[in-house]
Structures are given as C-alpha cells and as structure tokens.
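J.: All chains should be built: construct the whole structure from the sequences, respecting the hints.
First to last, the sequence lines map onto chains A and B.
0 is the number of the first residue of the first sequence in numbering that gives the first Met the number 0; add one for each residue after it.
0 is the number of the first residue of the second sequence in numbering that gives the first Met the number 0; add one for each residue after it.
Think of the hints as simulated: they come from the structure by calculation, not from any bench.
It does not matter which identical chain is used: a pair holds within one copy or between any two.
Here are the computed lysine to any residue pairs in the SDA-like style, where the Cα-Cα straight-line distance is at most 25 Å:
id	residue 1	residue 2
1	Lys30	Phe115
2	Lys1	Gly122
3	Lys269	Gln436
4	Lys379	Leu241
5	Lys1	Gly322
6	Lys379	Gln250
7	Lys1	Thr321
8	Lys120	Leu339
9	Lys170	Lys184
10	Lys30	Gly291
11	Lys269	Val236
12	Lys1	Arg95
13	Lys120	Ala29
14	Lys30	Asp334
15	Lys170	Asn277
Protein chains: 2
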Amino acid sequence: MKQIGVGILGFGTVGAGVADGLLRNRETFAKRLGVDVVLRKVADLDIERDRGVAVPREILTTDAMAAIDDPEVQIVVELIGGTGIAKKLILAAIERGKNVVTANKKLLSESGREIFEAAAKAGVDIYFGAAVGGGIPIIRSLREGLAGNEIESMKGILNGTCNYILTRMIKEGAAFADVLKDAQKLGFAEADPTLDIDGWDTAHKASILASLAYSIPVDPHAIEVKGIRNLSSVDVVYADKLGYSVKLLAQIDRVGSQVAVGVHPTLIPKGHMLAAVNGVFNAVMVHGDLSGDLLFYGRGAGRAPTASTVVGDIGDIARNLTGGGARYKSAIRYDNEQTLSVMPVGEVRSEFYVRCMVQDRCGAFGRIGVMFGQHDVSIKMATSHEFLKGYEEEGVIPVVIRTHMAKTGDVEAAVSDIEQLDIVKGRPVVMRMVKEQG
Amino acid sequence: MKQIGVGILGFGTVGAGVADGLLRNRETFAKRLGVDVVLRKVADLDIERDRGVAVPREILTTDAMAAIDDPEVQIVVELIGGTGIAKKLILAAIERGKNVVTANKKLLSESGREIFEAAAKAGVDIYFGAAVGGGIPIIRSLREGLAGNEIESMKGILNGTCNYILTRMIKEGAAFADVLKDAQKLGFAEADPTLDIDGWDTAHKASILASLAYSIPVDPHAIEVKGIRNLSSVDVVYADKLGYSVKLLAQIDRVGSQVAVGVHPTLIPKGHMLAAVNGVFNAVMVHGDLSGDLLFYGRGAGRAPTASTVVGDIGDIARNLTGGGARYKSAIRYDNEQTLSVMPVGEVRSEFYVRCMVQDRCGAFGRIGVMFGQHDVSIKMATSHEFLKGYEEEGVIPVVIRTHMAKTGDVEAAVSDIEQLDIVKGRPVVMRMVKEQG
Numbered sequence: 000m001k002q003i004g005v006g007i008l009g010f011g012t013v014g015a016g017v018a019d020g021l022l023r024n025r026e027t028f029a030k031r032l033g034v035d036v037v038l039r040k041v042a043d044l045d046i047e048r049d050r051g052v053a054v055p056r057e058i059l060t061t062d063a064m065a066a067i068d069d070p071e072v073q074i075v076v077e078l079i080g081g082t083g084i085a086k087k088l089i090l091a092a093i094e095r096g097k098n099v100v101t102a103n104k105k106l107l108s109e110s111g112r113e114i115f116e117a118a119a120k121a122g123v124d125i126y127f128g129a130a131v132g133g134g135i136p137i138i139r140s141l142r143e144g145l146a147g148n149e150i151e152s153m154k155g156i157l158n159g160t161c162n163y164i165l166t167r168m169i170k171e172g173a174a175f176a177d178v179l180k181d182a183q184k185l186g187f188a189e190a191d192p193t194l195d196i197d198g199w200d201t202a203h204k205a206s207i208l209a210s211l212a213y214s215i216p217v218d219p220h221a222i223e224v225k226g227i228r229n230l231s232s233v234d235v236v237y238a239d240k241l242g243y244s245v246k247l248l249a250q251i252d253r254v255g256s257q258v259a260v261g262v263h264p265t266l267i268p269k270g271h272m273l274a275a276v277n278g279v280f281n282a283v284m285v286h287g288d289l290s291g292d293l294l295f296y297g298r299g300a301g302r303a304p305t306a307s308t309v310v311g312d313i314g315d316i317a318r319n320l321t322g323g324g325a326r327y328k329s330a331i332r333y334d335n336e337q338t339l340s341v342m343p344v345g346e347v348r349s350e351f352y353v354r355c356m357v358q359d360r361c362g363a364f365g366r367i368g369v370m371f372g373q374h375d376v377s378i379k380m381a382t383s384h385e386f387l388k389g390y391e392e393e394g395v396i397p398v399v400i401r402t403h404m405a406k407t408g409d410v411e412a413a414v415s416d417i418e419q420l421d422i423v424k425g426r427p428v429v430m431r432m433v434k435e436q437g
Numbered sequence: 000m001k002q003i004g005v006g007i008l009g010f011g012t013v014g015a016g017v018a019d020g021l022l023r024n025r026e027t028f029a030k031r032l033g034v035d036v037v038l039r040k041v042a043d044l045d046i047e048r049d050r051g052v053a054v055p056r057e058i059l060t061t062d063a064m065a066a067i068d069d070p071e072v073q074i075v076v077e078l079i080g081g082t083g084i085a086k087k088l089i090l091a092a093i094e095r096g097k098n099v100v101t102a103n104k105k106l107l108s109e110s111g112r113e114i115f116e117a118a119a120k121a122g123v124d125i126y127f128g129a130a131v132g133g134g135i136p137i138i139r140s141l142r143e144g145l146a147g148n149e150i151e152s153m154k155g156i157l158n159g160t161c162n163y164i165l166t167r168m169i170k171e172g173a174a175f176a177d178v179l180k181d182a183q184k185l186g187f188a189e190a191d192p193t194l195d196i197d198g199w200d201t202a203h204k205a206s207i208l209a210s211l212a213y214s215i216p217v218d219p220h221a222i223e224v225k226g227i228r229n230l231s232s233v234d235v236v237y238a239d240k241l242g243y244s245v246k247l248l249a250q251i252d253r254v255g256s257q258v259a260v261g262v263h264p265t266l267i268p269k270g271h272m273l274a275a276v277n278g279v280f281n282a283v284m285v286h287g288d289l290s291g292d293l294l295f296y297g298r299g300a301g302r303a304p305t306a307s308t309v310v311g312d313i314g315d316i317a318r319n320l321t322g323g324g325a326r327y328k329s330a331i332r333y334d335n336e337q338t339l340s341v342m343p344v345g346e347v348r349s350e351f352y353v354r355c356m357v358q359d360r361c362g363a364f365g366r367i368g369v370m371f372g373q374h375d376v377s378i379k380m381a382t383s384h385e386f387l388k389g390y391e392e393e394g395v396i397p398v399v400i401r402t403h404m405a406k407t408g409d410v411e412a413a414v415s416d417i418e419q420l421d422i423v424k425g426r427p428v429v430m431r432m433v434k435e436q437g
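T.: Next up, the structure:
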C-alpha cells in the first residue's frame, strides 16, 4: 500500500493529539483511505517533556525546517499557532511543494489571501478544517456537501470559553468576573482571556467562514466585534426570564450584493437549536437556499476533537496525492470581489436589546424613548420589569428597551445620546436579538 | 471549462429539485468545482406534468435507458425509489461504466452489497448522501471528516413523519391516531404510513449508517425494529413530566467485537441535544473516539434539502472525474466481517421504560416486580404517579417501571409473563431510555 509521510510542527496539546491519532488508528485509517499515512517527523523546541504519546524518539526534532525538508514528508501539519514563525514555516513548506494542514485561525483570517494564493501558485493542498469549530466538520461541509447551495446565512457559537462562561452565568446567575476567574482555575479560560472574551477568536473564525462561503476577503477588523466582558448577570438573567439564552454569536448574512458579518452577545429564543448549545460546545447553523437550516454541533476545541479534524484533513490530502486528486478544492478563492462586498458596520440591521441604569423618576422612559426616535429607531418594548427588581442601585433601576429592526449606526448613535442623559448612569449594554427558528 | 453530463431518472419531487438546483446554481457550482455540470437528460414515465422547473423540452424522455446510454451522460442520478426497476437501472448504469448517485435507502439497505461490489468492480463512483438524513451531510462526514475516528456510537432521529407526530403528541397531549390523520391531511405523512411509523424507514437508514461506519453488512430484518404505532399519549405525557422527550431513535453502539443496532421509541433527557430536535427535522449524534459528541441536524426530507445533498454528490463525482479522483472513496466496503458482527437482538442492553395497565388492587406492584426479578431485570423505579391520574380506566391504572441496564431478551420475557397476569390489561408499552449527554 502506498505510503504518505506527515511532519508535525508544534508538539503541544493538539500536536500530541494528532500524533496519537495517526499512530493509534493507523490501520483503520489506512483501510478507509487505501493509503498508509506514516508519521515521519514531529518538530518542537521542547522535545523532552512527556506528552503521553509513544512517539518514536528518532522522529522528534527541534528543527522545523528539517521536518519540512524531509523528502519523505509530503504533508506538513502546522500547529504552532500565531502569525509569526507559523506563517514563515507554512510559506516555506508551500514553496517546497509540500501540502499543508493548519488549525491557525488567526493567521488564515489575517493573511489567508497571501497563503492560499501561494498554495494555488505552487499547486499544493492547504486544508484548515480545524481552524473553525475544532472537531466539527463545518469547513468540509461548506466546501463540499453544500457546494450546490447558495449560503443565505450562518450563525455560529464559535468560542467555548465564552459559551462556558455565559452558560454558567445563566444557570447560576453569577457575575462575569467570578465565573471567568473560576474558568481560568479549571483551565476553560486562558490566563490572558482577551482574545476569547472580547470576541476576536470568534471574529477570526467568522471571517474564515464568510470568505469560504462567499469567496471574498473579510478583514476581521472591518466588522463589528463585541465581546461579553461588559455583560452583567442582570442581562443574562433577564434574558432568561424573557425566554432567551445569551450567546456570543457570529452572524453572517447575505443581503443582496453585500455580506453582513459581525460578532455580538445575542439573545436567542429558547426554542432555537442554538439556545441548547451549552458549556464548551460549539455549533454553527447554516441556511442554504436548498438545504434549509442545518446545524453542526460538537467540541470546538481540545486535543482529541481538534486532532480528529486535522487527521481528517490529512486523509483528504493523502487521497488527493494517491488518486490524482482535485487540488484546487481545499483553498479559499477570492473571485467574487467584483460582485460582493462586506457591508459597512453601521448599515447592518438587527433587532436590539438595550439595557441602561436609569434614575427612578417620572419622565425617564420618555426621555430615553425620544432619543431612539430622533435616530429612527422604533421601540418594540420598553420595560423596567419586576424581574429586574433586586438590581436597583440607590434609586437607579435597570430599564430594558427592545427595538424593531434597526441599523447598527442608528442604535449606536441613540445609545451615545442616552449615555449623556443626566438620569442615565454608566454605559448602556447593547445586545442583538435573533428571531424564532423558521 | 470541462463539462460533465448528468442524467436524472425519476422526475418526481426530488428529481425536480435536483434539476432546479443544477440549472439555477450552475454558475456558482462551476466556480466552486472548476467543472461545468450540465443536465443532459431527465427521464420519467410522465414528462407532461408541470414540475415548476424550466427543463428544456428536448432533454425530457420517457426512456430511462436512453438517458443511461447517452454518451454525454457520465453521472446517472436514480430518484425513482423502490427495489424493482430502480435496482435494474442502477446496475445497468454501472455495467455501462456510468457513475451513480442515488437516494434509495431501501435498495441500499437491502441490496447494498450487490450494488457496491458491482460499482467497485466497474471502477465507478456511487454516492448516496441523500439516502440518510436528506439535506444533512452525515454520510459524507462519516466517510471523510471522521475517517480518522473509531465510531463508538450513533443515535439518530431519522424519520421526519414520526418526529412530527411525536412532537405534536408531546405538545398537545394528543392521541397518536388523531395526529396521524392530521399529518396525512397536511402532507407530513403518506396515505400508507406503515414504512414510516413502524420504523422501517429508520431501520433502512440505520443499517446504511452502521455498514458505513463498521464495514459490515447489516440486514434491517436482523435487528429489532419497533415503531410508534402503539404509543399512547399517557406515555408521551408522562415521559415529559419525568423530564424526557419521546423520539423514535435509531441506536448503533460498538460493543467489543459486536455492533448493536436497533430502532425504538426512546426516552431522551431534555438536556440532551437530541431532545431539542422537533417537528420534521432529523438529527444524528455521532460519538467518535477523537471527536467526542457531534450532532448533525437538518431537514431529513423534502425536495430542496434532499436535492442539496444529491447535487453535492454530483459535485464530488464531477471533481473525481476531472481530478482523476479517488474512486474507491464513495462505496461502502464490507471488509470487517471477520472481526465484527451484528449483536443478536436479545443481547442488546439498555435501560427500559415499561408501562402497563394494572387493576388498582393491593399486591399488584409486587406481582409485576416478581416477574422482572425472575428474568434478572433489576428495577430502578416503579410508580403509579399522580401524573398518571386521569388515565385510569374503570379501576385499571397505568403503572410505569423503569429498569436498570438489562438485556432486551430478559425484558421481553418478563413483559410477556406480565401480560399473562390476570391483573394486567392489554399489552405493556416498552421503550428504551437514553442517559444524560456526557
């Protein structure tokens, strides 16, 4: 049986998982593929620490380029992460005609075009299934199973740390800061959680999904990215009483010749499948013009699930290399720029939830309402509900406004004015709202 | 750009959807594939009726063989269904070296081996993504994305008609017969619903999933198949009160060198993602050794969703034909027969729910309990709960027994004995129970 060699760059959690998967399931894998995938090299600066995987000593190296240059290595698996050395090594591998598998969402989100175009030029495969959704085959499904569909929208819960924190805030009515501390203790959150809780990890993944579905570049810095840092338990608990779950949601919607992309804390009706996605799990709901609603759910991170997807990608390349294969298949192309563009942030429309702390005095509602009206934002409901009792702070009470469909820019303008009112204390909390599942 | 020709056999609901999809999204599809997929022939006995699709008159034919023999047709799409003419035409196409796409679950479940082996012999592709889960890319994900995993279990809600009926029985506390009648009026159930409500449609799909995951033949007649026909609203309503949703569930579990496969009405804890799958939607939860729990959810039937998957399969073949492609990829192989076998029905273990109508007199519980004990079935809970009040029938009350893990054979034996007791009226209702999501 033909053999295909793999070199892994980065022997961290996922790297160890991939090595383990390739070694442990080698036979089953070969049977399913018709190719024998052989682990040839594992490169890391630290090759002494025990990762609990029986990797033959002789294939460990501290020299990444040695792994790339090994003539028996046809597939280079980059699991170092970040946009520095990882980028250099991927480009070096491509230059040398090696095929690449990477889980590096930040790199692909920020430098995807450069990397994919280099791969196309060199005629090599580059797979990245694990960059979005960890163990969930969402990238593959978009690229292949749904190739016959026009994608109308995607909604993703793409960051396990945020979802874990929000799930506990909902279930325990606990404060954000306390749950975060605890999540860090338990290893569900990084020591520096910024990338996760401020929404950037989700934004990187959203930009990759949007680029793949629409064949246009989506700069994560050109879309609105809001995290969960300033959410208070009052918002989460009140949403729960209203029949909604709060999730950090990436939303991608095709609107005519534009694609609206954003990341926001969002109220999701409890009947919606996405509201049932709890803890560290991720999920993506895709709406295709033919398929209708599809949900993909699973573990969005962690050693084994991520390794599962990386190994699947390795299998694809091994097949392509033995079968002759359709190489262009894997890379994102950017050939819709003439017909499609990313919608400006201010133009993106949604229903909104706005909660502000207001002095409990006559006329307060009116003054806030006027501000929305001045900016063409129509109010569906304004309330200082009994559920909100208990959250007053010396004479200041939470007031929640729900709007009809409105432009982000108009709502932001109204909220800025409201923030200036003498009766309003602190920065209002703004969330999106999602409709019942159709 | 290279062109690949498609011939559709069967211009029914799905056939019209596929024709529509190929014609409507032709450009996007070509861009994504790098191949131009052209609809060359559509064969049906009735080519007069308007299907609401603008298919050029000259490609319509009443002669299926003409479509198969058309030298410009490389891909034959069988959407006639059934095991008669459909099988003859598929084998004829394979014989002539044509690649095949089919959504025919009954045929693949009953004659899969003959067809797949013929395709392998002829060196052609045969794709069947739409045979299970309609618009859900579950077949593709098992075959490709999860190729690096050992599949430990699968749980599927695979029949939209049953799920629609059960969902309404839960929400309305309505009786099975009434909901069925209404579902037939609304077009959610066939005039002859036997295949659906007695579990056979689900069994056909389960056997295909199990064969694909484990590379062994799984005869749907060699597994236990129970439908929802004898469920009463008392069971559904009581399950709801206990915190469970009742679903018709296909369960596939690898246990050592055996694979347990069965189709049963099953109680699923409400926290479980599968419990949130309502109405006509389908879902499959897969547990891979690397991926952990994955859920695939979407529309399991209907014109567009099924067409979406069929078109995706056509795209794969078109890619394979242009790229040289890994042909062996698509067919199910049966090369694990030496190491794996289907577990005998009686040996399959589960926790059970048993409900019987018992005369409300002292000692009844005891006499029923004894029967379970005699057959080594240990009882977790026996109750005639207040929730069951209102379901008494002149002195006969519903009694529910929940068991610990037990063998199907033992439970069946105990239930048969219980049925003989003078204090028990009618046939007890037996359901499986699923544990909380890990």
